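Asker: For the protein sequence lines, the chains are A and B, in the order given. Using this note's numbering, the letters of the first sequence map in sequence onto residues 1242 to 1420. Using this note's numbering, the letters of the second sequence map in sequence onto residues 1242 to 1420.
Keep in mind the hints are simulated off the structure, nothing from the lab.
Looking from chain B toward chain A, a few residues come up when the C-beta cut is under 7 Å (computed):
| hint | residue |
| --- | --- |
| 1 | L1283 |
| 2 | E1284 |
| 3 | Q1325 |
| 4 | G1328 |
| 5 | L1331 |
| 6 | A1334 |
| 7 | V1341 |
Here are the computed lysine-lysine pairs in the DSS-like style, where the Cα-Cα straight-line distance is at most 25 Å:
| hint | chain 1 | residue 1 | chain 2 | residue 2 |
| --- | --- | --- | --- | --- |
| 8 | B | K1415 | B | K1336 |
| 9 | B | K1336 | A | K1416 |
| 10 | B | K1379 | B | K1361 |
| 11 | A | K1415 | B | K1336 |
| 12 | A | K1361 | A | K1379 |
| 13 | B | K1336 | B | K1411 |
| 14 | B | K1415 | A | K1336 |
| 15 | B | K1416 | B | K1336 |
| 16 | A | K1336 | A | K1411 |
| 17 | A | K1415 | A | K1336 |
| 18 | A | K1416 | A | K1336 |
| 19 | A | K1336 | B | K1416 |
| 20 | A | K1362 | A | K1379 |
| 21 | B | K1362 | B | K1379 |
| 22 | A | K1336 | B | K1336 |
This one's a predicted model, so the numbers in the text were calculated from it and none came from an experiment. In this text, a Cβ means the ideal position worked out from N, Cα and C, and glycines have one as well.
There are 2 protein chains.
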Amino acid sequence: MRVLGIDPGLTRCGIGVIEGAVGAPVSMVAVGVIQTATDLALEDRLLELDQEIARWIETYSPDVIAVERVFSQHNVRTVMGTGQAAGIALLQAAKHGIPVAMHTPSEVKAAVTGSGRANKKQVADMVVRLLNLDAAPKPVDSTDALALAICHLWRGSATNKLKSAVAAEKLRIKKLQRS
Amino acid sequence: MRVLGIDPGLTRCGIGVIEGAVGAPVSMVAVGVIQTATDLALEDRLLELDQEIARWIETYSPDVIAVERVFSQHNVRTVMGTGQAAGIALLQAAKHGIPVAMHTPSEVKAAVTGSGRANKKQVADMVVRLLNLDAAPKPVDSTDALALAICHLWRGSATNKLKSAVAAEKLRIKKLQRS
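Same shape as in the complex, but just chain A (with noise of 0.2 Å):
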């Protein structure tokens, strides 16, 4: 199963591809960040975003969406932008007909770590020997957005299948209507 992460943001969104199975090794496909230039208007920011992650669907294909949950009881300004990311990550996903999840930093850090409560240096530690790389990758936001490829791979086996199943559905049914 290939699974495609999401950390969202404007300035730096996070994105991964890895492979793999629960109970076999999982390997890494691609990684990178979508960066959008602070000084363009909101309005390009996203449409940016949109075309890229619609971009990275296109170009690996994934069978599974992840994005991370995000709260607002950080930062105002910040958490506005991160939910509009992550908004726009699910409409990608939505437009695909590739079932999406959503899990929350903690479940990503239990998943990857065993601790809830891991810190960052931690959690790149467990993505490069999961993924048996060289080093993290840079920015960490990247790093991140494979911790949450792997634990959606891990928590979501069960659930996966029927989220495909419906996702599968509802694009036919889609297809139906259009035609």
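Use these hints to put chain B onto chain A, whose structure you have.
Answerer: Structure of chain B alone, referenced to chain A:
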């Protein structure tokens, strides 16, 4: 000038189109509300909203789009959905190469009633009077979308021409890059 106003929301997204100029009568072209079912998955609600906003833009070809600015000081759960709905409105404006502006609720109230602290009924009464309607459109989200469009028409007159020129130029460059 034709203005499309959007009062963003996932459950009820108010949307309205007005036509007019500063110092001339203003009239309503269309008004409505986009609703997405609360039992749908978030990604499917965002997709529905995206498609409906696109349909409104393509049906009414506005010169400019006004979106209500969302603040995070309210209910944390609601504000994220509202912010994501606003993000999709901005995204659709950018996709269509139409200039977009945001106004706060108190800017809208001040523009329409003269007071930034006016209540819902005062705003609705002024919208009815300014657009020469028989009654305020229901639900209130649709009236708010009209108030927002009027606010933009009156506040934005100085900057609208500049924004339109910039948006037209951006669209021209985008088309050149594609071809």
